[in-house]
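Whole structure, please, built from the sequences with the hints as guidance.
If you read the protein sequences in the order shown, they are chains A and B.
Numbering-wise (the working numbering), the first sequence opens with residue 16 and increments by one.
Numbering-wise (the working numbering), the second sequence opens with residue 25 and increments by one.
Warning: the hint list may mix true and false statements.
[Unchecked claim] Here are the simulated lysine to aspartate or glutamate pairs, EDC-like style, with alpha carbons at most 16 Å apart:
1) B:K182 - A:D118
2) B:K180 - A:D115
3) B:K180 - A:D111
4) B:K438 - B:E353
5) B:K180 - A:D118
6) A:K67 - A:D80
7) B:K134 - B:E228
8) B:K385 - B:E475
9) B:K397 - B:E475
10) B:K182 - B:E228
11) B:K395 - B:E475
12) B:K182 - A:D80
[What the hints assert, rightly or not] Listed next, the stretches of chain B that the computed footprint assigns to chain A, with coverage defined by at least 3 CB atoms under 8 Å from CB atoms of chain A:
13) 164-171
14) 181-187
15) 205-219
Worth flagging that the hints you see were computed from the coordinates, not collected in a lab.
Quick reminder that beta carbons are idealized off the backbone N, C-alpha and C, glycines included.
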Amino acid sequence: METLYVICVGVLTFCGVFLCLRGRTFSVVVGLTMLSYAVNLFLFSSGRLNLKDAAILGMSDSYADPLPQALTLTAIVIGFAMIAFVVILAMRARADLGNDFVDGREAPDSDKFIKPNKDKI
Amino acid sequence: MTVHLAILPILIPLVGGLLMLLPPFAGVERYQYRRVAALCLMLAQIGCSIILMLMVVQNGAIMYAVGDWQPPFGIILYADQLSAMLVALTSFLGLGVTLYSFAGSDREGKYFHPLVQFQLLGIYGAFLTNDLFNLFVFFEVLLIASYTLLIHGGGKQKTAANVHYVILNLIGSSLFLFALGTLYGITGTLNIADMSQRVAQLSESNQLIAQAGGSLLLIVFGLKAAMLPLHFWLPRTYAAASAPVAALFAIMTKVGVYCIFRVYTVIFGEQAGELANMIQPWVWPLAILTVIAGTVGALASQNLRTLAGNLVIVSVGTLLIAFALRTPEATAAGLLYLIHSTLVTAALFLIADMLGQQRGKALDYFVVARKTKQQALLGVLFVVAAMAVAGLPPFSGFLAKLVILQAVTGTEQKIWVWSVILISSLITIIALSRAGTTLFWRCTPSRDASETPSVSKWQMCATFLLLGASPLLAIFGASIIDYTNNAAAQLHDIPYLIEVMNLEGDIQ
Numbered sequence: 016m017e018t019l020y021v022i023c024v025g026v027l028t029f030c031g032v033f034l035c036l037r038g039r040t041f042s043v044v045v046g047l048t049m050l051s052y053a054v055n056l057f058l059f060s061s062g063r064l065n066l067k068d069a070a071i072l073g074m075s076d077s078y079a080d081p082l083p084q085a086l087t088l089t090a091i092v093i094g095f096a097m098i099a100f101v102v103i104l105a106m107r108a109r110a111d112l113g114n115d116f117v118d119g120r121e122a123p124d125s126d127k128f129i130k131p132n133k134d135k136i
Numbered sequence: 025m026t027v028h029l030a031i032l033p034i035l036i037p038l039v040g041g042l043l044m045l046l047p048p049f050a051g052v053e054r055y056q057y058r059r060v061a062a063l064c065l066m067l068a069q070i071g072c073s074i075i076l077m078l079m080v081v082q083n084g085a086i087m088y089a090v091g092d093w094q095p096p097f098g099i100i101l102y103a104d105q106l107s108a109m110l111v112a113l114t115s116f117l118g119l120g121v122t123l124y125s126f127a128g129s130d131r132e133g134k135y136f137h138p139l140v141q142f143q144l145l146g147i148y149g150a151f152l153t154n155d156l157f158n159l160f161v162f163f164e165v166l167l168i169a170s171y172t173l174l175i176h177g178g179g180k181q182k183t184a185a186n187v188h189y190v191i192l193n194l195i196g197s198s199l200f201l202f203a204l205g206t207l208y209g210i211t212g213t214l215n216i217a218d219m220s221q222r223v224a225q226l227s228e229s230n231q232l233i234a235q236a237g238g239s240l241l242l243i244v245f246g247l248k249a250a251m252l253p254l255h256f257w258l259p260r261t262y263a264a265a266s267a268p269v270a271a272l273f274a275i276m277t278k279v280g281v282y283c284i285f286r287v288y289t290v291i292f293g294e295q296a297g298e299l300a301n302m303i304q305p306w307v308w309p310l311a312i313l314t315v316i317a318g319t320v321g322a323l324a325s326q327n328l329r330t331l332a333g334n335l336v337i338v339s340v341g342t343l344l345i346a347f348a349l350r351t352p353e354a355t356a357a358g359l360l361y362l363i364h365s366t367l368v369t370a371a372l373f374l375i376a377d378m379l380g381q382q383r384g385k386a387l388d389y390f391v392v393a394r395k396t397k398q399q400a401l402l403g404v405l406f407v408v409a410a411m412a413v414a415g416l417p418p419f420s421g422f423l424a425k426l427v428i429l430q431a432v433t434g435t436e437q438k439i440w441v442w443s444v445i446l447i448s449s450l451i452t453i454i455a456l457s458r459a460g461t462t463l464f465w466r467c468t469p470s471r472d473a474s475e476t477p478s479v480s481k482w483q484m485c486a487t488f489l490l491l492g493a494s495p496l497l498a499i500f501g502a503s504i505i506d507y508t509n510n511a512a513a514q515l516h517d518i519p520y521l522i523e524v525m526n527l528e529g530d531i532q
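Put into structure tokens, the structure is as follows:
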């Protein structure tokens, strides 16, 4: 179970970081969402993974740590609000700046600028 | 009442900010009501923070267990001399910002004053909490308020700067949670005092994980504090923000610096066994490079707001140098510098805005433009701010830098710190005098200036308030240094913290 969990968190983080490094706000927003999913899973696992254990003392032989569950809940709520804000901000930036590049303009080393007269040649 | 004093600075802006969203204060045309309410709230916060400071000096640090859940389990607020001092500084800055916004920038949107209150709530909380996850929550509170304050008023420039700022800080928040998860998984606690005890007793393999978590935290705090190489967002963001917001943001980088001081003195400080002072070899070169980067940026700035933004970076670098020296004396010197640099850079943003109002389209760019209407007033304000920020006597900058230089021991450290701080001060003077000559002396033949608006009394009042603190800091220097010495000694005294938290004997 641990291996599967680790791979899930790792792949999510990898995708999140990769998408955050893209130049357009849409992929960055998706990347931030994935990163926050990964971090929620990670935070949850900090109380150790165990099955069928109640978070209440005396209900079972061993018990689960309730604190990471509370932390994850808080992190989910905060992360949700932040993602909502960044989505609205990205839409506002699309309207204000006329494109969806993170820098507000296309990168000068993009194909369009390197080969401006491709059609004519 | 005095029992709950430690939580009052958090409750006042929370309740006040929420009330300002409700009917008697809501609505575009009710802005006068909101102004009165904001002013009352700021005065209440200043009064409360001063009482808190006096109480802490008299009776020692206050531990406040929220919901009476005792440490190490509950969320603990902890007000020592350092926290109380920073809360008082923030409320004072908040008053200046609120007064300045009365001149009109609070009418660009109807939620300005509530947002400032929420921003202050987050900052007070970050200063007062003694729980790492609670620190994260207060960081998010102050961040989401700052996102909206930054874009307040709207416009292309603000939107573009805000996209960067928000994305960077969201990634920072994710890293913060990764670091917290790592540290909690290893130590089983989030209470800073408790963690400082547990870190010393980790097994060797766990130490490595704790080191990874601690280093991740440095990235997060470094991003907030604008430490090189995480400082690139700052000048653009601060230059885009409206003047009162930029002035309020002057304390935000200091929140990051404060967290570095707190976490790496208490958790990974002297008593942490193998992990003692683990980030010091990193912070030392980064601090010096931050000062250099800020100075070069100041020299290259095209307008006064960007220049002030770069001076914020210089101040962060100087504070990190004070941190990297790792002695209580250096910390005390850093705290004095922190008070000075926050107030003076905030004043510089306000002056840049007033200049911009009177120079037409040229704003505060260093180009030949029409003469300002109130040349003498703005000139004097600028000269005072420039002298204070560059560290010339008789203002507080001189005193603060002198104390930092005095706190350096060891020949090799002296060579580095003295040369970097002094040369950066010299270059700052050059950059500021170049800025001043262009802004005030290279003018186009003056036209009729009657249409140019004068500086409003609110703006003047706020700038005098913030700038007036600089000579006062120098005049009452001895007693303030006395206070910061005590605050630094208290910060470095971990057994005292453990005692206040009732955690002795907690570890078997």
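Against which earlier hints does the structure fall short, listed by number upward? Violated hints: 7, 10 and 12; rest satisfied.
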